[in-house]
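Visitor: As a plain string of letters, each chain reads:
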Amino acid sequence: MKRVISELQLLQLVEAALFTAEQPLSLEQLQNSVLEDFALSKKKVQRILAQIEQDYAGRGVQLQLTASGYHFQSRPELSEFLAKLWPERSPRYSRAVLETLALIAYRQPITRGEIEDIRGVSVSSQIMRTLQDRGWVKVVGHKEVPGRPGLYATTAQFLDYFGLQRLEQLPELMAFQQLGITDAGELPSGRQESNA
Amino acid sequence: MKRVISELQLLQLVEAALFTAEQPLSLEQLQNSVLEDFALSKKKVQRILAQIEQDYAGRGVQLQLTASGYHFQSRPELSEFLAKLWPERSPRYSRAVLETLALIAYRQPITRGEIEDIRGVSVSSQIMRTLQDRGWVKVVGHKEVPGRPGLYATTAQFLDYFGLQRLEQLPELMAFQQLGITDAGELPSGRQESNA
Amino acid sequence: MDEPSDLTPLTVQQPLPLAFIRGEAVLERPEDLYIPPDALEVLLDTFEGPLDFLLYLIRKHKFDIVQLPVLEITQQYMEYIDLMQELNFELAAEYLVMAAMLAEIKSRLLLPKHQHSEEDEQDPRAELIRRLQEYEVFKQAATDLDTLPRQERDYFAGQARLADNFQPLVILPDVAVEDLLLALKDIMKRAKDFQHHHIQREQMSTRERMSRILTLLQQHDYLPFEACFELAEGRDGVVVSFLAILELSKEKLITLTQVALFGPIHLKVATGAEA
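Protein chains in written order, with my numbering: chain A, 1 to 196; chain B, 1 to 196; chain C, 1 to 275.
For the record, the hints were derived by calculation from the structure and aren't laboratory data.
Misleading hints may appear alongside valid ones.
[What the hints assert, rightly or not] Keeping only pairs whose Cα atoms sit at most 20 Å apart, straight-line, the calculated EDC-like set for lysine to aspartate or glutamate is:
| id | chain 1 | residue 1 | chain 2 | residue 2 |
| --- | --- | --- | --- | --- |
| 1 | B | K84 | A | E36 |
| 2 | C | K189 | A | E172 |
| 3 | B | K42 | B | E28 |
| 4 | C | K139 | B | E114 |
| 5 | A | K84 | B | E28 |
| 6 | A | K84 | C | D174 |
| 7 | C | K189 | A | D117 |
Source: prediction; values computed, not measured.
All chains, please: the whole structure from these sequences, using the hints.
Guide: Structure representation (structure tokens):
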């Protein structure tokens, strides 16, 4: 049964449907759901949608047409600010990441292979990417051995983050000496460790 | 660091934040998230919100202030049509749930035992769970009587759901009739007496 | 207990259609003592307990709640309860408790009044009336609450999607210098080889300088030897740079070239051929 509705109400209805539906709505879906009672032509619905698109041109959200239909979307240039509504806390770094970072900091410039030799386990590309994405390490050259592996070093950003002006300000190996590691390369004995 | 932004962009930003956030946003939340970089006064944000409210007065969705903040919602008169977008009908609540909710809303903080006393019937755990799962009520403390029963109160979400800002906006309770027993103990006349 | 058969002027034996048993419809029925057994069970299910049921009886007979005609109400109530029990329905305990309370009130009302009692005893009905009234208030409040406009029924939340270019703001984990030191300790404990790579302050500054020189060499193919020294750093700085250049050369990371005797020395990244 055809019901009567004003132009303004039609516009309000389509607009509200697009804002409250969980999925984008196609023109047909609009015709068959909220507009069901009004027997509107496709052309008419298109005119309504065009009007809404125009109304929102300068606003914070805009009408978008995607493959699955129409929906409202925030203006792209606002994304940077909107991100603050959903801060995501990433998980703590794994032991492997911290050890790799420590070796790069203390033994730079160093290749991934050298890090693997010292750690005794392989270092995943993921770990190197994590540290590079963070801006803490970078490749400063390549070692002229087969494969030309990258030489990693810490960055100025790394120093800034840890509040250091120079790398020498990192804690020295005093801590290790207390552990009983001497120049002779002796392994720390259990007792000394427990005293540390 | 204070950044500069045009009036129009500010309005767009607040509007987009309110449309994209899943929960209502309070003025403070807006100041501390999307508006963080602009160091705006409370008054200024209020002016922006007032402007948005005005802009949407005749549209399909409108700015609403409820207990936990501002959000957009569809015009009530469109609900009949919008309901067609949802295959499932909106949940209806049993009298037991509604009476329990009403008691918590008007008499909070209240224990389950106190609710049972007034209703004259036991309150199932199922009911309390329904209300808590919906986020409408929560335990806010324990009554210092044997068993330390939980004290229930309503939440901001409850007010949000019913479109209220404060508990005082709930409908007024029906006034008690004056107790009219003056001639206590007088036996009502009637045939039944003889049979009693 | 009263016999349900012939003592109740307010009820008429009249079969009830089973069709009305759901929801409120049952409340609208005028005279209904006789209720088919199934319907009776459903009937009690539609009440939220004995108070609700009593309120129904009071409203049905248009009694004034504050002039509670306890005898009549009690009689009505008892008849239902008795019938339920006869039919072996499991009755909620609250209904039986209420029956006992009503019976007690009734018996107290029927006791001869002590003319000389100094103070009037409290009307035995008072507490029940208070409870009925209180319950009715909240029964109404529940109905009012149900009519408030609410989400999902009267309005829906307006939402927009985030633009396609939206990137979440990721808060990266914090790391303290101590974490690095602890990580290094773990490596030391584990790796025997590492004992040879003993780390000292001088060595660290040398290694950092090595990184710095390599970085410079990324920007310039050739680096004049002098460019590796910062005079402002003083003697120590010069030594560190010099050691770094020697170490880089030793590790075959750079090559040093000098075209003419006493001519300028240049640093260049080592290429495979030269290495």
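Visitor: Given the proposed pairing of K84/A with E28/B, does the C-alpha separation stay at or below 20 Å?
Guide: The given pair, whose Cα atoms are some 14 Å apart, holds under the 20 Å limit.
Visitor: Check the hint pairing K42/B with E28/B against an upper bound of 20 Å on the C-alpha distance.
Guide: The given pair, whose Cα atoms are some 8 Å apart, holds under the 20 Å limit.
Visitor: Tell me if the straight-line CA distance from K139/C to E114/B falls inside 20 Å.
Guide: Since the Cα atoms of K139/C and E114/B sit roughly 15 Å apart, the hinted pair holds (cutoff 20 Å).
Visitor: Does E172/A lie within 20 Å of K189/C when you go C-alpha to C-alpha?
Guide: Roughly 17 Å between the alpha carbons, so the hint for K189/C and E172/A holds.
Visitor: K189/C and D117/A: Cα distance at most 20 Å?
Guide: holds (14 Å)
Visitor: Tell me if the straight-line CA distance from K84/A to D174/C falls inside 20 Å.
Guide: This hinted pair holds, its Cα atoms lying about 19 Å apart.
Visitor: For a C-alpha distance cap of 20 Å, please report whether K84/B and E36/A respect it.
Guide: Since the Cα atoms of K84/B and E36/A sit roughly 9 Å apart, the hinted pair holds (cutoff 20 Å).
Hint compliance for this structure: every hint is met.
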